[in-house]
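Number of protein chains: 2
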Amino acid sequence: MSLLRQALLSPQSVAIVGQSNDAAKTAGRPLKYLRQAGFAGRIYPVNPGRESVLGERAWPSLASLPEAPDHAYIVTPTDAAVEAVAECGQRGVKVATVLADGFAEAGAQGAARLARLRDICARTGLRLVGPSSLGVVDLRAKAMLTANAAFDEKDLPVGRIFAVSHSGSMIGALLSRGKARGLGFAGLVSVGNEADLSLGEICAATLDDADIDGYMLFLETMRNTDALRRFAIAAAERGKPVIAYKLGRSLAARELAVSHTGALAGEDDVAEAFLAACGIARVDTLDGLIEGLPLLARVPPRQSGARRASVGVVTTTGGGATMVVDPLSLRGLAIEPPSAATLARLAAAGIKVQPARLVDLTTAGTRYDVMKAALDILTTAPEFDLVLAVVGSSARFHPELAVKPIIDSAGADKPIAAYLTPDAPQALAALAAAGVPSFHTPEACADAIAAALRRRPPRPLLAVDPTASWPGSSRPSTSSAPGTQQGVDARVKPGHDASRDGRLLDELAACQLMQRLGIACAPTVALDAGITQAPVLPFPYPVAVKALSAEIAHKTEVGGVVLGIADSDALLAAISKIRESVAARAPDIRIDRVLVQPMLSGLSEVLVGYRIDRDVGPLVIVAAGGVFTEIYRDRSLRLAPVDLATARAMIAEVRGFKPLDGYRGMPRGDLDALAHAIVALSQFATMNDPPVAEAEINPLLVLPAGQGVVAVDALVKLMV
Amino acid sequence: MSLLRQALLSPQSVAIVGQSNDAAKTAGRPLKYLRQAGFAGRIYPVNPGRESVLGERAWPSLASLPEAPDHAYIVTPTDAAVEAVAECGQRGVKVATVLADGFAEAGAQGAARLARLRDICARTGLRLVGPSSLGVVDLRAKAMLTANAAFDEKDLPVGRIFAVSHSGSMIGALLSRGKARGLGFAGLVSVGNEADLSLGEICAATLDDADIDGYMLFLETMRNTDALRRFAIAAAERGKPVIAYKLGRSLAARELAVSHTGALAGEDDVAEAFLAACGIARVDTLDGLIEGLPLLARVPPRQSGARRASVGVVTTTGGGATMVVDPLSLRGLAIEPPSAATLARLAAAGIKVQPARLVDLTTAGTRYDVMKAALDILTTAPEFDLVLAVVGSSARFHPELAVKPIIDSAGADKPIAAYLTPDAPQALAALAAAGVPSFHTPEACADAIAAALRRRPPRPLLAVDPTASWPGSSRPSTSSAPGTQQGVDARVKPGHDASRDGRLLDELAACQLMQRLGIACAPTVALDAGITQAPVLPFPYPVAVKALSAEIAHKTEVGGVVLGIADSDALLAAISKIRESVAARAPDIRIDRVLVQPMLSGLSEVLVGYRIDRDVGPLVIVAAGGVFTEIYRDRSLRLAPVDLATARAMIAEVRGFKPLDGYRGMPRGDLDALAHAIVALSQFATMNDPPVAEAEINPLLVLPAGQGVVAVDALVKLMV
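Quick note, the sequences are listed as chains U and V, same order.
Using this note's numbering, you'd call the opening residue of the first sequence number 10 and step up by one each time.
Using this note's numbering, you'd call the opening residue of the second sequence number 10 and step up by one each time.
One or more of the hints may lead you astray.
Identical chains blur together in the list; that is why a pair holds if it fits in one copy or across any two.
[Unchecked claim] Only pairs whose alpha carbons sit at most 27 Å apart, straight line, appear in this in silico BS3-like list of lysine-lysine:
#1 K34 <-> K413
#2 K667 <-> K564
#3 K188 <-> K413
#4 K361 <-> K103
Just so you know, the hints here were simulated from the structure itself, not pulled from any lab data.
Just so you know, these numbers come straight off a predicted model, no measurement behind them.
Here chain U stands alone, though its shape is the one from the complex (with noise of 0.2 Å):
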């Protein structure tokens, strides 16, 4: 066992800073619960102005103890709790829980209270959980460091389930609605700030815990990511499921993330693509949450070449089984027919199914031989990932009919999910205690099924060579252009510091850099912005012509753009105008050259990106072009780099892009092309020499199928 897990969930001896002699009082509860639930270790409630509480021995302060305890729960309000970190960090305790708020969520003087806890765990080795904790508690070893109310009680249930979350109030809730389904919990942890332990610390403290078998997350917002994604990894070479319930499906609850816990909001796909790269299943429920890990521990991560998972269903009851299905098949997952196969052995056992979706036995075949008949088809077809069996009212006082059978299919070789219509406690213990996963809800059903077919292995850690360079043979800032073979001169300057978080290079130099990395461009040549007298070009009018700039990430919005130019004489008065145009909106930018482009065109426009996100890393993006990629949301992303594969699968999730792959007869487009760009774009997650921040071709011309893609405008942002 770690010293850390050690001391954070099976201490010793604890102290209780700030202990109240009022156990109804938040302070009052830890001394209480400890003692109720029989904690074995030794305990030290702390309290410099009493005697006693609730009668037992005060002691004045941590230096006072007999011994350094392993962990303190600390439970003064905030500037004493910051004190009592600093006394922890001075007596040689272990592991520091901060109940107190204030910090994260408190502007500067809370940041500014983070920094000097963080610095005290720097200088003194301590440990730290929180501070914004409702605590940390271990029901094996009856470690109950909590001020959760709901933690009031004895005989809690001991399970297998380590549950962590952001939020306070939900271990709690966790602990109580688990309790109500007879599920039990090793240990809770509300994390709160992290401002030194993180989510994915604590959870990674105990992998080598033979007594935990899953993980349940409940987060608010995505922190300490690189934590969180080395413990998943281990967590799955563990083959120890995680489930995670994160809150911001909508901006509103993404802004309210950012008032009550102080953590930055990042976009909700952004996260959901972290959490598939990292193999944690994330459900939309909280029934969901809390009753998805036995399927999780039956349904192992899909590779992801694996075909498209397909769920099987029986039931007695067509309307009942159709309220998960229609869920289920909003998640995008496939309820199957059986197969011809399948029916032939379906009806060589006497069951009479119409050949629909699915295997309605009707209320008529509410019979033990007849469901188990079905199940045992089921379970061997070939055509099924997964067996959804849905039993209806016969459930409630009769489950030797339909539910006794799938209790005895426990041990089939395809995972069974079922859900029963009525309300049916004691089949549903049943169910559990013979190891089905089973659902109250036909949502959480649907929503753990979905979330478990979905999940996949965690991918591997990325390791950056810190000296990769880009493909080619030097740093663009210093190489020829894309024009240049034309003869006009193209010779890049290297781009101004352009924003404050990065260098932008400019298109030529952008566009340059896609090239090296295979992904075709427009035909360019940069003129000098002082022409008077139009060279002749080495494609045909009508042409585009942009400002050349690396100071201007958004030409068009400085009427740096103008397009359908159709002889010399425009190209020469458009380059006038755009000279006037930045020079009256950007007074401070010199258009010094101007780059000229053929007017091209595609079958469609899309865009490809890459960036480094402030949560989650190196990400690459594709989503249908023009306005409607914004009003549609309609885009796929993904952890940088990703394979073949993996673009291929991004492509199928963008809407937009059905046109171009025969829809309604429309011309196909160069799926295939596009798919390479974008794992060629996501390669900069693997370059390091200079890094690269922010990458965007938008426009990237699709065209028919076989001619390739195009890019028409790029934008590449140096991290330095």
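Could you slot chain V onto chain U? The hints should help.
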């Protein structure tokens, strides 16, 4: 009490036709349940094969009974059931309920059986529930005419809710799940195939039952919508809320409804629009259905002109509250921060909260006085329509802290909805007893709040004057066409019968009709397709030319359209090409004339449509134009006709119209004219001479604000 209601729910005498001697069998249950419940009326088990069943005298036939029973439950197999219904008709039974399946879902043979049942009803006055009905139950009258296995218990909780379901199994699910929440029912009916008595008629029969407060519907399909709508309107008049769960959000679920009920699968947004027009609150979760009625009772339907509904949130747990806020926001409900005035009142009461979207008292604020003061202020704040109170772990063992204040606020002016994060059955029971709507899951809470706040008063039934004709002096087939005033012969020939379902008008007649409704059409000239010299057109080139035929609904599919014609020679060539294409692809259709229009463009092309939906009647639809309409399912529809406010609401629902509304500085489109066009097209619902089955303008060009909209192509299909 109506005779139907009396015989259906409060029969003085019942027969169980096919009652088995084995109480474990489906056909053995009704007699067992009736006796178990203590039904006080006369019971006649009918079983020709036995002297006695379950220890009671068995009668050989309906004819042998000493009286005609009020209500016969027929639990025999299919063919015997048809004969039993015939005997019921002969014997003068008032209501028969049929358990057997083998009707609507059983092809031609089933359809013949259904026809026989309907014929018996028509001839004898017998009213029928089912077939495929698991029964009819009135818990007050202890009339347990059901074979549903979940009714096998004593002391079922009597309440004031009437539940009606397409699914027979679900009446057991609602009963038992309701019981687990302390919720009772007045009655429950499984309506089966609705061969005679429809779901709406059965509900309507109970409207004047003073002991029924609200209705809970479980719908698998939209069927007999006229009766459902009449019932819903009458229920609204009596202030009795109706809540509905309807399967079929997903296509897969709609297909299942087809296979297991024999009903046809309509589109889900059509059902959504219909239920909304009925003032029925539709929920998406089973728990939302079971738990939602108390909230509906507190939230009256909102007038359609009312401002967007706003929810105020007070909580002791930010994370817990956000679990409700997240799905609420995804449903489009606004969670508003308190106004400055409300924040000032909170501050004056000593409640200091961060100015965020929710009033987060935090765990530290888990005190009666704090929560009560916050509730008093929020329930009197004018900015909120509803207050959501979310209580954390204290709710489990200390409801006196933060749950009691909610109970004590039950009489507040604004409705309060409560969600408790831990398992807290006592606190939930206390809330329910006090009449505070409360919920077991955050998802059901959000679902019910959204359904309640979206609910509108039902639209009155449309009174169609069967003689009302279209605007203008005469029927379109004999009137002059839009092109006439330009001096070109444009006399319209009556359209041919173009499809099995109706009679298509040709485009000229269709456009003329649109103009009569006040919708501007593109200038149009009709030309003889045999011309050898092009006339002078009243508009400049380039032009478009289209085949003119009432036999072609989709001209492009037969090569009937040529765009961008530059001059008169090209026009003649285009006409030839169209004749050849149509001759090749649709040899039966002769093209005598073509239409010529100028090439027009607007800011956007949209689709506006009208149709008489098979399930719900006249509908008006507006959608973003082009292929993305289908890909993103981006459309809005309502029962027709609609007023201007409704048309504007429809426009606001189509995401693809955002660019027309000043999005990102794009030029504004004439959405006002679009709204008027929607209103105009929807007027087909009020005209009946001749009746229009379908009408579509696609595309309708939206011009810049102030410049209107222009129909470029129109299709109209008459009913006959």
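These are the hints, each one checked on the structure:
When the C-alpha separation of K34 and K413 is checked against a cutoff of 27 Å, the pair qualifies only between copies, where the shortest distance is 18 Å, while the shortest distance within a copy is 48 Å. With identical chains, the CA atoms of K667 and K564 are at most 27 Å apart between copies only, with a shortest distance of 24 Å across copies and 30 Å within one. Both within a single protomer and between protomers do K188 and K413 lie at most 27 Å apart by alpha-carbon distance, with minima of 23 Å and 24 Å respectively. For a Cα distance limit of 27 Å, the shortest separation of K361 from K103 qualifies neither inside one copy, at 66 Å, nor across copies, at 35 Å.
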